[in-house]
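Each chain, written out:
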Amino acid sequence: MSQLIALIKKDLHVTLSQRAVWFVLIGPGLFIAMLGLTPILFSNTVNVTIYIVNEDVGVNNINIGTNATILITNYFMNDKTVTIKTVNNISKTTLEENIVWFPKNFTEVALNTSVAIFYVRTTSSDTYTRQLLFALIPQLVDQAVKMTLLPKEQPRAQLEQLPVQTPTGIKVKDELEYERAYQASFSIGYAIFLLSIMLGSVGRIGGFTRDKNEDVLEIIVSMVKDKKVLLISKVITNLILTTITALSYVIGALIAVIGLKYSEIDTTTQGTNDGLSTLVFSQELLLSPKGLVIVATLFITTSLIVVISLLIQLWLPKETGERAESLIILVIAFFFFFSVISDPFTTTFILLINPLYWPYKICMTALFPDIFSPWTYLYGVLIIAFYVVSAIIASKLIMREQFILH
Amino acid sequence: MQSNQEFALIIHNVHKHFRNVQALRGASFLVEKGTIHALLGPNGAGKTTLLRIIAGIIKPDYGQVIAFNMPPGSPELIGLMGYMTQNTVGYQNITAWKNVTLFAEIAGIDKQMINEKTEYLFSELEIMNLKSRKFKELSGGEKRTVNLIRTIIIGDKLLLLDEPTAGLDLERAAKVRKLIQKLSKEGRTILLSSHIVTDLENLSQYITILHSGKTIFTGTKEQAIDTFTTDEKRSLENALLNAFDNNPSQNNLNSAEETQEGQLHSEKTGKSI
Ligand SMILES: Nc1ncnc2c1ncn2[C@@H]1O[C@H](COP(=O)(O)OP(=O)(O)O)[C@@H](O)[C@H]1O
Ligand SMILES: [Mg+2]
Chain A
1 MSQLIALIKK DLHVTLSQRA VWFVLIGPGL FIAMLGLTPI LFSNTVNVTI YIVNEDVGVN
61 NINIGTNATI LITNYFMNDK TVTIKTVNNI SKTTLEENIV WFPKNFTEVA LNTSVAIFYV
121 RTTSSDTYTR QLLFALIPQL VDQAVKMTLL PKEQPRAQLE QLPVQTPTGI KVKDELEYER
181 AYQASFSIGY AIFLLSIMLG SVGRIGGFTR DKNEDVLEII VSMVKDKKVL LISKVITNLI
241 LTTITALSYV IGALIAVIGL KYSEIDTTTQ GTNDGLSTLV FSQELLLSPK GLVIVATLFI
301 TTSLIVVISL LIQLWLPKET GERAESLIIL VIAFFFFFSV ISDPFTTTFI LLINPLYWPY
361 KICMTALFPD IFSPWTYLYG VLIIAFYVVS AIIASKLIMR EQFILH
Chain B
1001 MQSNQEFALI IHNVHKHFRN VQALRGASFL VEKGTIHALL GPNGAGKTTL LRIIAGIIKP
1061 DYGQVIAFNM PPGSPELIGL MGYMTQNTVG YQNITAWKNV TLFAEIAGID KQMINEKTEY
1121 LFSELEIMNL KSRKFKELSG GEKRTVNLIR TIIIGDKLLL LDEPTAGLDL ERAAKVRKLI
1181 QKLSKEGRTI LLSSHIVTDL ENLSQYITIL HSGKTIFTGT KEQAIDTFTT DEKRSLENAL
1241 LNAFDNNPSQ NNLNSAEETQ EGQLHSEKTG KSI
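Going down the list, the sequences are from chains A and B. Quick note on this note's numbering: the first sequence kicks off at 1 and runs consecutively. Quick note on this note's numbering: the second sequence kicks off at 1001 and runs consecutively.
If you're looking for bench data, these hints aren't it; they were derived computationally from the structure. One should not assume that every hint holds.
Quick list of in silico lysine-lysine cross-link-like pairs, DSS-like style, CA-CA up to 30 Å [stated by the list, open to error]:
hint : chain 1 : residue 1 : chain 2 : residue 2
1    : A       : 228       : B       : 1157
2    : B       : 1131      : B       : 1178
3    : A       : 9         : B       : 1111
4    : B       : 1111      : B       : 1157
5    : B       : 1111      : B       : 1131
6    : A       : 227       : B       : 1178
7    : B       : 1157      : A       : 9
8    : A       : 227       : B       : 1111
Chain B is faced by these chain A residues, among others (derived, beta-carbon under 10 Å) [stated by the list, open to error]:
hint : residue
9    : 13
10   : 18
11   : 216
12   : 218
13   : 220
14   : 225
15   : 232
16   : 235
17   : 236
18   : 240
A quick note: this is a predicted structure, and the numbers were derived from the prediction, not measured. The beta-carbon is built from N, C-alpha and C at its ideal position, and this holds for glycine as well.
Extracted from the complex, chain A is given alone in its bound form:
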């Protein structure tokens, strides 16, 4: 027992004395926090002021320019990052300002030619500003055109038939749940993927390969009572290290989620629901008891990676082992991630051979019991069997002389 503790103490001391290790340990956490907080950083840098120049004189009480101005102003009323100013003459603006200009004859041309021409000018190269000016505002103007003209041109009956709301019903709830599961699959899949790749190198730093590279394995073997103690010490050391990584990941995601919650950023206008930030766990997942399921999943994932990398280190001589270890883990991780992206709910047997699927499947079932069959929990048996078989193989591999000498 005291020997086990001395071995773990030695390994932790040696591992943590390398600065690069800290990057591997808390890197994933920093990364996911940054990824999740991008919308905040993003909105801090962009404070857009848009001038609406409405010169439109209208035609017989119909004034699309005025309606569009009102619509745009209302739309951005609660958005702190976008300021709308209205002026009535283009000469009151400068060339540097972002402007949306409705000319004198805007309504007239619209009525006569069915093409309403307005002008947008910006010198900004910022994507968000350009998106506002060239995508969102034209949509609003288009809406204003329709709102102004449709009641005049179309028969009333037809207007009332326009669908306002989708019908509600039981079906929608299921679809919503399905949508949530779909979203969650990305964040969980990505966490498993990123951690696996990062841990591939933790294993190397805290495992047998490092001892072999420094030639100290012989000395250690000459002092241990039983080589199994050595094996157990490596498993525990690596679990401690990988737990730090998994926790840092969850903490990073928590920081992102809580940060977003309190920053009061309107995530709907900023388009944060797609792109990279889907990779961060959603609020309802992380800030509820379900968050614990995620923590447990990441822990099991990391332990699987530890077992796989230690087995490779025990099996292969150091030069081959080092390369094979990163490569094998990389392949497993990529296969897992790409198949999660292409089909998050897959039941394809050949894909499920990948051990990274097992904790993923169990996690999804625990989070969304309506969607997944309870049989999925049988993957737990597979995980336990994997641990047992690995322990048997590892205790055989560690007894070989090749392991110490090569």
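For chain A, the structure is supplied; the task is to place chain B with the ligands on it using the hints.
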């Protein structure tokens, strides 16, 4: 098999092969308690392999090794037997000091004792100023010295030193020799392998010559000189040269059978097992 209280080590007819190399083919000798015993032989003679077997790192194919009446690898030997490898080894990123103490803790030695002994040996070998320097920032000879200190602390009764003075400058090599002598006087048994004749002339009382994995001589320095030199050229160096010349290397499996008997050359030494 005799288990004599006089002997720290009994090596009898040890054989060991690696794939197609017969590394040992009948190594036999005795190491008396409290003596300094040198293991000699050209490169590839099997010195390192034999030390590894004694240290319990690998197992012989055939033959016996007894250390303090126990087989190598016995838990009771941990903390009694220290093994210094031929390569200079240590974790590059941690300090010289930790490279000693963290290992000694694995051997189960009391922490306070470790600190006292480390302190003493660092100052004895005049590397106290390197105490908190990272291992990778030490010179080759300094690293070697740290390795020796580690081994001395771990091996309370028996030191297995694989070429301990190789790579040291003259001054430090002399200090190391002095320290080894002192440890021996205090009762520690030392088995060292070496190429360096000075080590043998000034240090060791007993010599075992290994050649192609088998013992061709074991005994005192004087007996070696008597055995291998003529009257005009009596020196240990000449004795060794003659010993190696008369036994051409035959380090392959084909010639292994003839030595399976693994006889100890007791007629030359007066000792017998
Ligand atoms: N791990 C090993 N695998 C294969 N051959 C080895 C191994 N270790 C030693 N040998 C071979 O065994 C022989 C004895 O080696 P060694 O004990 O290192 O000799 P010495 O220390 O006397 O120079 C050499 O021929 C060497 O090539
Ligand atoms: Mg050698």
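Structure versus earlier hints, numbers of those that do not hold, lowest first: Numbers 6, 15, 16, 17 and 18, in rising order.
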